[in-house]
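*Asks:* Each chain, written out:
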Amino acid sequence: MKNKKISGAEAVIHCLLNEGVDLVWGYPGGAIMPVYDEFYKFQDKLKHVLARHEQGAIHAAQGYARSSGRVGVAIATSGPGATNLVTGIADAQIDSTPVVCITGQVPSHLLGSDAFQETDIIGISMPVTKWNYQITKASEIPEIFAKAFYIAKSGRPGPVLIDITKDAQFELFEYDYKKCNGIRSYIPYPEVNDDSIDHAVKLINQAKKPLIVWGQGVILGNAEEEFKNFVEKSGIPAAWTILGLSALPTSHELNVGMVGMHGNYGPNILTNKCDLLIAVGMRFDDRVTGDPSKYASQAKVIHLEIDPAEVDKNIKVDVPVIGNCKESLQMITNKIDKRSHKKWISKFDDLMKIEFDKVIKSDLSPNKKGLTMGESIIAINEFTNGDAIIVTDVGQHQMVACRYANFIKSKSNITSGGLGTMGFALPAAMGAKMGALEREVVAVIGDGGYQMTIQELGTIFQLQIPVKIVILNNDFLGMVRQWQQLFFDKRYASTEMINPDFVTIAKGYYIDSERVKNRKDLKPAVERMIKSKKPYVLEVCVEKEDNVFPMIPSGASVSDIRLD
Amino acid sequence: MEKRKNYTVSVYTENNVGLLHRISAIFLKRHINIESFTTSESEIKNVYRFIIVVKMTKSGVERVIKQIEKQVEVIKAFYHRDDETIFQESALYKMKSSSLFEERHIQNIIKDSNARIVTVNTEFFVIEKTGFREDTEKLYKDLAPFGLLQFTRSGRIAVSKEKMGISEILNTFKNQK
Numbered sequence: 001m002k003n004k005k006i007s008g009a010e011a012v013i014h015c016l017l018n019e020g021v022d023l024v025w026g027y028p029g030g031a032i033m034p035v036y037d038e039f040y041k042f043q044d045k046l047k048h049v050l051a052r053h054e055q056g057a058i059h060a061a062q063g064y065a066r067s068s069g070r071v072g073v074a075i076a077t078s079g080p081g082a083t084n085l086v087t088g089i090a091d092a093q094i095d096s097t098p099v100v101c102i103t104g105q106v107p108s109h110l111l112g113s114d115a116f117q118e119t120d121i122i123g124i125s126m127p128v129t130k131w132n133y134q135i136t137k138a139s140e141i142p143e144i145f146a147k148a149f150y151i152a153k154s155g156r157p158g159p160v161l162i163d164i165t166k167d168a169q170f171e172l173f174e175y176d177y178k179k180c181n182g183i184r185s186y187i188p189y190p191e192v193n194d195d196s197i198d199h200a201v202k203l204i205n206q207a208k209k210p211l212i213v214w215g216q217g218v219i220l221g222n223a224e225e226e227f228k229n230f231v232e233k234s235g236i237p238a239a240w241t242i243l244g245l246s247a248l249p250t251s252h253e254l255n256v257g258m259v260g261m262h263g264n265y266g267p268n269i270l271t272n273k274c275d276l277l278i279a280v281g282m283r284f285d286d287r288v289t290g291d292p293s294k295y296a297s298q299a300k301v302i303h304l305e306i307d308p309a310e311v312d313k314n315i316k317v318d319v320p321v322i323g324n325c326k327e328s329l330q331m332i333t334n335k336i337d338k339r340s341h342k343k344w345i346s347k348f349d350d351l352m353k354i355e356f357d358k359v360i361k362s363d364l365s366p367n368k369k370g371l372t373m374g375e376s377i378i379a380i381n382e383f384t385n386g387d388a389i390i391v392t393d394v395g396q397h398q399m400v401a402c403r404y405a406n407f408i409k410s411k412s413n414i415t416s417g418g419l420g421t422m423g424f425a426l427p428a429a430m431g432a433k434m435g436a437l438e439r440e441v442v443a444v445i446g447d448g449g450y451q452m453t454i455q456e457l458g459t460i461f462q463l464q465i466p467v468k469i470v471i472l473n474n475d476f477l478g479m480v481r482q483w484q485q486l487f488f489d490k491r492y493a494s495t496e497m498i499n500p501d502f503v504t505i506a507k508g509y510y511i512d513s514e515r516v517k518n519r520k521d522l523k524p525a526v527e528r529m530i531k532s533k534k535p536y537v538l539e540v541c542v543e544k545e546d547n548v549f550p551m552i553p554s555g556a557s558v559s560d561i562r563l564d
Numbered sequence: 001m002e003k004r005k006n007y008t009v010s011v012y013t014e015n016n017v018g019l020l021h022r023i024s025a026i027f028l029k030r031h032i033n034i035e036s037f038t039t040s041e042s043e044i045k046n047v048y049r050f051i052i053v054v055k056m057t058k059s060g061v062e063r064v065i066k067q068i069e070k071q072v073e074v075i076k077a078f079y080h081r082d083d084e085t086i087f088q089e090s091a092l093y094k095m096k097s098s099s100l101f102e103e104r105h106i107q108n109i110i111k112d113s114n115a116r117i118v119t120v121n122t123e124f125f126v127i128e129k130t131g132f133r134e135d136t137e138k139l140y141k142d143l144a145p146f147g148l149l150q151f152t153r154s155g156r157i158a159v160s161k162e163k164m165g166i167s168e169i170l171n172t173f174k175n176q177k
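For the protein sequence lines, the chains are A and B, in the order given.
Position one of the first sequence corresponds to residue 1 (the numbering used here), numbered consecutively onward.
Position one of the second sequence corresponds to residue 1 (the numbering used here), numbered consecutively onward.
For reference, chain B alone in the conformation it holds in the complex (with noise of 0.2 Å):
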């Protein structure tokens, strides 16, 4: 049995109504479960970009891949591994503002995380932490005995190491026409 891993999926598209639905249904399809999902414009205008988290065998991914470009407005996508890209998540926690004066604690462990707080009001306070999942994960679990009113994590968002070329692929169709 070939062996399932975590995939970093990325895809450039046209900003088009529809094609997050486009996507994630070639997934659904197959029966693929979706770790996380985000998209933004990209470093092109008007150009968007995906990034799509699942647990795969590599031969599976490829062949998800190769469907995803076979849409007609998706221009490129890609698929890495871990080690092949600069990935983060982001976590906001909201707590009682009461607990960071009650419980001196919270104040080290923000501080030792590298966490930030966003704002604090008399009601409630918001500590925002970037980072891998475990450090997001850890901190919720250092928080979580304090009390936490709500907690939120991100999808991944992730640059690759290896260029993408989005440019030069819109270029090669402009100097074709």
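Extracted from the complex, chain A is given alone in its bound form (with noise of 0.2 Å):
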């Protein structure tokens, strides 16, 4: 390759395929067209897919790199292209979501001079983005985009933008590409510290009554062996944050469940009993601790993390062991005495039998007319056999989904957590099929998030992209519903909707659909839903002013958890 002189524009392919791509989502313009052009000529190597809108883009290559744990890649043009992409970009920095983000922005001379479609995307996306750059001269192509694919998957993932002007596409130079296996200022795998190990070992060793929290961490870390038998040799009951769902999995009987707002009753309650507050990979999240200053404050906290950044951030930690958790589990599991804590876990046992009583029984086989949205899940486990990557959106499906999906394998579970994207499950779904084809992918979305981003089904029946989506339709924006019902006297400003036919909506687009209304019709068109080979459109008429409990009212304690 060297002495042969390329353009930017196909450096920027060879920099793709250096860095092991095969697959980018994106949306053509004019300020990317000489990208565009080379991904035409390289289409045998590297497929570009079409989205229908950039930020369905950027959430397909969301849900890719979380199924598939390698970088997902949206591409876009400058202006609108790249502002549509920002979305997406805060939703992979907040959920640390490794992708590289590639926008065309306009020629170099004509930087600030607002120019047809240009916009400040370096100074737009640099808060929501691990890293950013733009670049003016092709030769500087391969050194940022090496940097770019290393930042974006290394320590703690995370977006990351690179702008590139339209002249340095056009221009020629010697390519040569070197990977990056450091920066000097940038430290990704703290080196675990021996005496934080050996102050957890002693802790945990003496606790009585010992609670593990796990979160995103253990999946992002590649750790879910190492916590497991971290799990096991300590006997702990272990509980998870909405993204640590499915790196343990749900029948595991170490595993009790789910924490925070919508979480389960006991380990809700014993957060505030325990001795002793292991968190793994989990950053302490409000939906997660409630008011703060009532969150475990009679037991010593272990944090296991490996940004430093969010130790002692919401929650102080006596014992912070930072590093891996891939590492720091190991360490800690050599070390611990193997124990078990059968009467601690009988609390956890007998508050589950509360919650089954007052909520899960009538969830799940309610005696109701109408169908709920926790019997149309348990109807998706049924036919998956729990096997299947479950993409959500956000809203009461989604706390539901989580609640009550079987998972057996790690990266399963597909949300958009920390942001709270509604719009984001159609796309990230096809994301997700698309980076683990031999899996079944389920999306479960409200009918309000759906619509948000509905276009993406024009990408779906294009690529016939085998999804299977299912539309939990309460023709209400249900979790608003709920709080204006629980917070504001039932005033329902803006959330009742009335909606298309949504079956005639997939068929325009010539996808397989249904509707179901009726219990007898529910598990039947489920089992046709996953039969099928192709994409499936599956929606479902739900109760429409059912709440999702338990709940932690926003700003109260974790122990204040209510069943109704």
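Read the hints as simulated data drawn from the structure, not as lab findings.
Mixed in with the good hints, there may be bad ones.
[Stated by the list, open to error] Just a few of them, taken from the derived set where beta-carbon distance is under 7 Å, the chain B residues facing chain A:
| # | residue |
| --- | --- |
| 1 | L20 |
| 2 | H21 |
| 3 | R22 |
| 4 | K66 |
| 5 | K70 |
| 6 | N171 |
| 7 | F173 |
[Unchecked claim] Negatives, chain B to chain A, calculated, CB over 10 Å:
| # | residue |
| --- | --- |
| 8 | E14 |
| 9 | T39 |
| 10 | S90 |
| 11 | I106 |
| 12 | S113 |
| 13 | T119 |
| 14 | K138 |
| 15 | K141 |
| 16 | F146 |
| 17 | A158 |
| 18 | K174 |
Cβ atoms here follow ideal geometry from the backbone N, Cα and C, with glycine treated the same way.
Take the two lone chains, each set in its own frame, and fit them into one complex as the hints suggest.
*Replies:* If you want it as structure tokens, here you go:
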């Protein structure tokens, strides 16, 4: 390759190939056309999927990254193309998803002139990217791409944006690629401190009522095996945050459920009864902690965390164990005593019985006429054998899906956790499917979020991406309506929706589709959907005014969790 | 309530377009007002040093330091109380030249305050004073009655009493390679 001059645009393709990329999501436009011309020439080596909106492209790249563990790539033109990526970039930043975004930019001599489709995407994206850079010379391309991929996937992953002026795409230069192995100002994997391990081990061995809360760090660190060994040897009950879900199988005997606002009764109540809280790869989000001044204040806290900025950010920690949890978990497991905590675990069982009687029973086997979200999720479990990737949007259906979906394998729960981006699920599901073609991918979406990115049905149809889409339709923005009911005296301001015929819309995209309204039709319909080898839209008309419980009211303590 | 205090935040960074924005955005996101902000090349070639003065709680500034250090191109960030640093500010005072001769008192003020005349021409003259905020503030008050044409004060520059060890950090990286 050396000594032969190529264009910056062609160099972009070679950089992507050098990083092992074989699929990118995007949308063309003026300032990125030279790169698209190269996509055309290299289409046998590098697949480009045309989304129907740049937001669809970035969410698809996120879904791809989360199901495959690889870096997702999204590409867009300057101006509106670039700004349409921003929601997805912010989502990837707060949920630590490795994505590289490439945007075209007006020629460098026009920068700052308010040229057609010029926008300062570097300035706009700066607060929501792990790193970003504007390339104005072709010769910068190899080094910047190498850095971008290294930064996106190393340490705590995150989104990176590269903006390339159009003249840099045309410029010819001698291409030479060297992978990035380190940056002197950047420590992605802080070394685990032996003293912190010893301190943690001592507390774990002494604890009488310990509780583990794990997050996505276990998945991002590929530490599922180490985590399972730690849980099993310590015998400590383990609860998950929404993004940690699926790192340990649902059926594992020490898996005691979800923490947080709509989590399970037991782990929330007992957070304020435990004597030791071991947080693994999680960041004490306010949806997890409720009022932080009343969160586990009786307990010692150990925090296994790769990002030093998360330590002591929301909750004061007694023993920070900074570093990759894949390493630290193993070091701790080697040194702790093998124990079991039968009496303590029975407290979780007792509280689960209460939750079952008051909430779960009527969610899953309702005696009312209308269908519930819970029984829809159980039907999906049944026909996927709990082995599907479940992609959810944001709202009631998301909470219900996370509460009731079964998981066997890791990287199987994909949702917008931190940012709470409605419209995430449909494009993320198509990305997730492309990132894990052998897996069944079921998107569970509310009627509100579905209509935010409904245009991606076009992408799904054109590529025949066999995702299964379940719309849990209550003709309401259900979670907002629930808050209006509970905290705003049932003033349902702008939450009721008169929806279109979702089946007809799917059929307009030539996608198989059906609607169920009655209990007897639910399971057969889910079975037909799962058996189909093609994309499929199933609309389930559910009770209009069901609420999600348990619930920790905003700003209350975790132990003030309500069952009704 | 934790008390808010003056802290001098020192940040060593790579030389990169946009870092200023990235660092100031960390304060903006948390609605923290920056009292002063200066940047220049440090004792190490191509390594830049930001000096930022903020009024914050100790736990707040600790969290902000970690967010700053998290930025890929930040080498190291520190925070210090006023008594842990040697710090100065510079101020320039532009006045009408005629006042220098008509108001003899001005010359005494300049002498007493250890200020320095940088330039004099027929129209105006410029006084420079480096010191603590109180010093430049006092000189401002003393000169104001005679009519200031322009006044400007720099942000704080500061060095720490403790060692910062930036070269060592950079060398560790070199040795790892």
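*Asks:* The output says E14 of chain B does not contact chain A. Does that hold with a beta carbon cutoff of 10 Å?
*Replies:* violated, 5 Å
*Asks:* Checking the smallest CB distance to chain A, is S90 of chain B really beyond 10 Å?
*Replies:* Check passes; 30 Å lies beyond 10 Å.
*Asks:* When you look at the beta carbon of A158 of chain B, is every beta carbon of chain A farther off than 10 Å?
*Replies:* holds, 21 Å
*Asks:* Just double-check K138 of chain B for me: nearest Cβ-Cβ distance to chain A has to come out over 10 Å.
*Replies:* Given a closest Cβ separation of 40 Å, the condition holds.
*Asks:* Are all beta-carbon distances from I106 of chain B to chain A longer than 10 Å?
*Replies:* holds, 44 Å
*Asks:* Checking a non-interface call: every C-beta of chain A should be farther than 10 Å from the C-beta of T39 of chain B. Is that right?
*Replies:* Its Cβ never comes within 10 Å of chain A, the nearest being 16 Å, so this holds.
*Asks:* Quick check on the hint: L20 of chain B CB to chain A CB, less than 7 Å?
*Replies:* violated, 10 Å
*Asks:* A cut-off of 10 Å on Cβ-Cβ distance, and K141 of chain B was said to be off the interface with chain A. Does that hold?
*Replies:* holds, 40 Å
*Asks:* Any CB of chain A closer than 7 Å to the CB of H21 of chain B?
*Replies:* Given a least distance of 6 Å, the restraint on H21 of chain B holds.
*Asks:* Holds or violated: is the Cβ of T119 of chain B farther than 10 Å from all Cβ atoms of chain A?
*Replies:* holds, 34 Å
*Asks:* Minimum Cβ separation between S113 of chain B and chain A greater than 10 Å?
*Replies:* holds, 42 Å
*Asks:* Let's test the interface hint: is any C-beta of chain A closer than 7 Å to that of K70 of chain B?
*Replies:* Since the shortest Cβ distance to chain A is 5 Å, the answer is holds.
Hint compliance for this structure: hints 1, 6, 8, 18 are not met, and every other hint is.
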